[in-house]
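Visitor: Use these hints to put chains B, V and W with the ligands onto chain X, whose structure you have.
Chains as they are written, first to last, in numbering that gives the first Met the number 0: chain X, 0 to 368; chain B, 0 to 368; chain V, 0 to 368; chain W, 0 to 368.
Treat the hints with care, as some may be off.
If chains are identical, the list can't say which one is meant, so a pair holds when it fits in one copy or spans any two.
[As the list claims (entries may be wrong)] Cut-off 30 angstroms, straight-line C-alpha distance, at most; resulting in silico cross-link-like pairs (DSS-like, lysine-lysine):
#1 48 x 88
#2 283 x 220
#3 19 x 88
#4 88 x 24
#5 48 x 19
#6 24 x 297
Calculated directly from the structure, the hints in this document are not laboratory data.
Number of protein chains: 4
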Amino acid sequence: MTLSDDVLGRARVVDTDDLKAYYEKLGHRGAGALWTVANEIEPWYPQPKSVPMLWSYRELRPLVLEALGLVSGDDAGRRVVMLVNPGRKDISASVGLLYSGLQVMGPGESMTAHRHQAAALRFVLEGQGAWTVVDGQKLKVGPRDFAITPNWTWHEHGNEGSDEPVIWQDGLDIPLVNAHDAGFYEVHPDLYQKQGEVVNSSLLTYGHGQLRPYGFQAWDKRYSPLFAYPWDRTYPALLDVAAASDGSPYDGIILEYSNPLTGGSVMPTMSAHLQLLRPGEATKAHRHTGSVMYTVAKGSGHSVIAGRRYDWQEGDVFCVPSWAWHEHANGSADDDAVLFSYNDFPVMRSLAFWREEAYPDDNGHQTVE
Amino acid sequence: MTLSDDVLGRARVVDTDDLKAYYEKLGHRGAGALWTVANEIEPWYPQPKSVPMLWSYRELRPLVLEALGLVSGDDAGRRVVMLVNPGRKDISASVGLLYSGLQVMGPGESMTAHRHQAAALRFVLEGQGAWTVVDGQKLKVGPRDFAITPNWTWHEHGNEGSDEPVIWQDGLDIPLVNAHDAGFYEVHPDLYQKQGEVVNSSLLTYGHGQLRPYGFQAWDKRYSPLFAYPWDRTYPALLDVAAASDGSPYDGIILEYSNPLTGGSVMPTMSAHLQLLRPGEATKAHRHTGSVMYTVAKGSGHSVIAGRRYDWQEGDVFCVPSWAWHEHANGSADDDAVLFSYNDFPVMRSLAFWREEAYPDDNGHQTVE
Amino acid sequence: MTLSDDVLGRARVVDTDDLKAYYEKLGHRGAGALWTVANEIEPWYPQPKSVPMLWSYRELRPLVLEALGLVSGDDAGRRVVMLVNPGRKDISASVGLLYSGLQVMGPGESMTAHRHQAAALRFVLEGQGAWTVVDGQKLKVGPRDFAITPNWTWHEHGNEGSDEPVIWQDGLDIPLVNAHDAGFYEVHPDLYQKQGEVVNSSLLTYGHGQLRPYGFQAWDKRYSPLFAYPWDRTYPALLDVAAASDGSPYDGIILEYSNPLTGGSVMPTMSAHLQLLRPGEATKAHRHTGSVMYTVAKGSGHSVIAGRRYDWQEGDVFCVPSWAWHEHANGSADDDAVLFSYNDFPVMRSLAFWREEAYPDDNGHQTVE
Amino acid sequence: MTLSDDVLGRARVVDTDDLKAYYEKLGHRGAGALWTVANEIEPWYPQPKSVPMLWSYRELRPLVLEALGLVSGDDAGRRVVMLVNPGRKDISASVGLLYSGLQVMGPGESMTAHRHQAAALRFVLEGQGAWTVVDGQKLKVGPRDFAITPNWTWHEHGNEGSDEPVIWQDGLDIPLVNAHDAGFYEVHPDLYQKQGEVVNSSLLTYGHGQLRPYGFQAWDKRYSPLFAYPWDRTYPALLDVAAASDGSPYDGIILEYSNPLTGGSVMPTMSAHLQLLRPGEATKAHRHTGSVMYTVAKGSGHSVIAGRRYDWQEGDVFCVPSWAWHEHANGSADDDAVLFSYNDFPVMRSLAFWREEAYPDDNGHQTVE
Ligand SMILES: [Fe+2]
Ligand SMILES: [Fe+2]
Ligand SMILES: [Fe+2]
Ligand SMILES: [Fe+2]
Ligand SMILES: [Fe+2]
Ligand SMILES: [Fe+2]
Ligand SMILES: [Fe+2]
Ligand SMILES: [Fe+2]
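Next up, chain X with everything else stripped away, as it sits in the complex:
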């Protein structure tokens, strides 16, 4: 499977003194010889710097909580422990061009408002009092709820609970925005937004996805008008679909959080999924372009990524880089396992970069190293 570069059609110039002198002349003029880098910049198949990685919630949770006493929210801006891929420290990415972090807010704490070009999403890991205000709309979110903070929306958040901290996972496209030289940031001029009277109004208005307000509530944004997708609606949906369908051989019963006005992804740069691995289910391996961050929402099991096994339990986070083989297994014969994930698939599709293939051997299962 390793392809040789020593073939007609690839660059295979042997450097000579003349050529080295030539390269130096080119360098002085802001130029270079393509053949010196051609094979590297046009590889046979994707060569991500990101590596597969699992972040153990059991290990990270104490460190996240420790931050509560180390920095104030006001000083930190946001009190977040980033999940950094060993291969992407230079750009603070978790995988590909996606960022992730675990944010902690103490009881009664709140943060000031800002906005940025980077789009954000949240998946709540623990704690009862979390809220966020997105463009003036207050959302309350609890464990396993999913919420979005689309690009350039004003946002601030806090924890109105009285005794326990909130930890949620942030997912942002910060490295993507930076790769494209497109980042903007603003602090709210009043530090805090004016809030509408109705809490979770987008959920009331758009949360019945197959019914659409007609002739009012006009919406022309590129992102979903629905900002919160609570677990008490998403988990029953998984069970309903499981009652009617076999799902995907590679992902079990997998649903995409969608913009109810278009059926498309919640934001133009990131999409998110919730998937059910039924008791005993082990999916087949496939690979595709695009990077994925997974969070274990419920249950335990393991995934095999690029031939290596990663065992996971609730709260753990792991990633699958572009074009890496991957398959998932529920570790229990009795209980559901549910994975939340977010990805850059909308980007891959917009740019016509999407490719996908099934693992061809051994009935779809990788050999584990």
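Guide: Same frame as chain X, now just chains B, V and W with the ligands:
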């Protein structure tokens, strides 16, 4: 408001003997003089042949039930009392190019399967045992449920209840299909379809509109993959939206039954709405192109259509022709009123025929004759 | 091929005295029994009232010219000889829901400005001085040029030639607009439009279809920004495509006049084609939903429509109703034949009414009666 | 205009020994503290690593020609002098995530066929015999012609001229593809493609942009079916548009090479423009996200980019990084100047990253350093 045709820019030829002779020569060659019909075929504003009309359920119900004993389902094909607009008897239309009928099925009765180019929708008026099989998928529907039978899908239906008849309202675009010379019809070769095991599978799979199956359940049809929209989901949606929004000045809280994969209308030729008139609510008048059939799903009240008042109660059906002023009022100060309606708005929009305007006088209320 | 209605799945009720009494009761309540009309309104396949028809230019031209002396342009509004399908006299249609007419303007004559919901297109048959002003833009058009007057655009036209009349063919969707109760009409308040300085500016700006103005000339209309498609560009295009392609088995080298900003049809209700039948070419037969009006732009030949042969020469107009088999043949072994045509295909596609099939027998050729 | 990070809403934690110890613990678990990098990765506005740059054709041309004698085409794969932005040497980019190079082919030379995920475009600078075969279609291109080689299309090229070399500019999205871990590459199994008989067949078929093949030549690709846009069509288009329009205040008469089937950009990741600066014209400054590579197709003049003046003449290449102010001036009072450019605007729009603003001061003109 009446515009004269005796102006420059309109046809105003005075016929002479010479002209009459000329017209006759034209007639012999499959031709005619435009100016003899120009003002009629290019009117100042729409001149529907359809008139506003209310069909009283209290009056029609006995007649509908009487049909049970008069014709068998097999002989009738479908046992349906059509609602015929006095101005459109020639094309069996209820309003504009829309057809409607009240279909009755006795306990235990079932009909054979067929399909046609005309698209159909159903709104259940009474009875508990109704079912329909649409392209192999069995749907059970109860009072106030909405269901669709998109064009060219196989369908058959029946009443599996043991003691009471089912009456539902059919809405079809038969006159539209015929106006466009596009009608096709087929009887199912086996008379009955093979049915899938799961009842209401589209509701399980697509009924959580803001979550979309990913990587399975591919859908490339021009109509909604969701075939049933039960009242126990649609009525709570109305209440939720009412809690977060003031709705439309012309329609109250009005929701469009939508294709969850696109956010668009359920079918390319017809859309349907469910609207809540809050206790005491009286909407303002507007008018628009497009024809609408309303059914009173809940409560009572009245509508003013083209300056005339129509009182309605549950089960009643009424129509608003294109470009007629209309406004609605809930007759109760304590209870909700809910109107179901279907229309040809998707056609009006596709063909760029859509226009809308607010009633300009008297704070939006028509003078009732 | 004739299907019987005496089968299970079709209505086949035998009327009795009881039933007749019942029908009468229904009639008094604005209702009827579906089974009395079901087979008629849901036919096995389309039953157009329009019939195939050829209008001979040689025969009609003298009558068209005669109108010059019979009515003034100001009195007629437009001096047009309509082409009326024998089956659609009630709605002044040429075929299906399409209207067509031959308009004549004497040297130096001009008409006042108006606008209407109906969309119009023109194909020039003879004369050198024709002009039209569409929303302030002056277009000059000569023989075989195609131009559009989209719905609700102000328009006026005339003949600035000094000695010969202009005859052009009008194509409008008037019957379509009326079938949908959507017609509006206005006379220009100043009777004449203000004109821009540049003639044929849309042709200069958008006539190089594969190059698009960027950052200026914003366009959000539902119709093409290009209003004129002159023969000196369209005929060479036919020849170019013929050099690279075999074209369609049913139509030869056929091109659709397109909106250069979308690649779609020029207007949302009507599209137009120009097609080349190469010397000696005889196409295979097919049929489809949708109605078509053809004009012979160049050459001579014949078409077989619904099993009957129609011979045509330059200037002749003929129609193909929905679902009628049709095939075309160039009558010359040496010269090109070119057909212009317009149709309602955009409607058929928008409403999901489009169907098409190839003639299955005799290598694709119909038996001529 | 420089914004301080020492404000509430930005990270402003002062590091302590405790914190440093904490950071180290995080580092051991694949984690980090967001506040240590937050201000850097979420800047107030874009901070491109790319700098404005002009590559002088007069200086580079001899070096490009020198490559002819230094490496064979077969060994180099492609004999290309890359244009490397001083700030993006790490990824071989010319600006942003765009690559460019000057490719030279000697008389009679040809290259083998391959394909890759990266999309390519060409703008011919000199030489008469250039050809390329794209997915089996042979294109011949001369000076100032534009051609595309969309992603994953097979391509090979050569120079069939007998005495002079060809130099063309390549534009590719290689860095973009790599940033997204999406690169694939294949050498053609037969080394050379089978070619169709007709040269420039896409130009014959789709080169009359406002006319579209109907019912044949189906196309479902994400890129333009038209592969070549020759100067003898594009330059007259500029002149035509100039006769009817004032163009854009920031760009003069600027046209986008478009996909004639959609009106959109030629490929989903890159678009290209041709713009005319009329004699004496000096545009106003604006800035926007997205990166642009310009090539001087005709004439001479200068651009002011981020406050610095760059003089240019025919063949020169220069770049404008994201969010840099820029304005252009034709240096001649008598002759046209024409700039060709390509960009990543389709990406910026797909990802909702597009922003644009006019230079607010001094009547739109920057102060030159
Ligand atoms: Fe933020
Ligand atoms: Fe996957
Ligand atoms: Fe039916
Ligand atoms: Fe209305
Ligand atoms: Fe008109
Ligand atoms: Fe045809
Ligand atoms: Fe290449
Ligand atoms: Fe610019």
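Visitor: Now look at each hint and say whether the structure bears it out.
Guide: Checked hints:
no. : hint      : result
1   : 48 x 88   : both (10 angstroms within a copy, 17 angstroms between copies)
2   : 283 x 220 : between (37 angstroms within a copy, 29 angstroms between copies)
3   : 19 x 88   : between (33 angstroms within a copy, 17 angstroms between copies)
4   : 88 x 24   : between (34 angstroms within a copy, 16 angstroms between copies)
5   : 48 x 19   : both (29 angstroms within a copy, 27 angstroms between copies)
6   : 24 x 297  : between (60 angstroms within a copy, 27 angstroms between copies)
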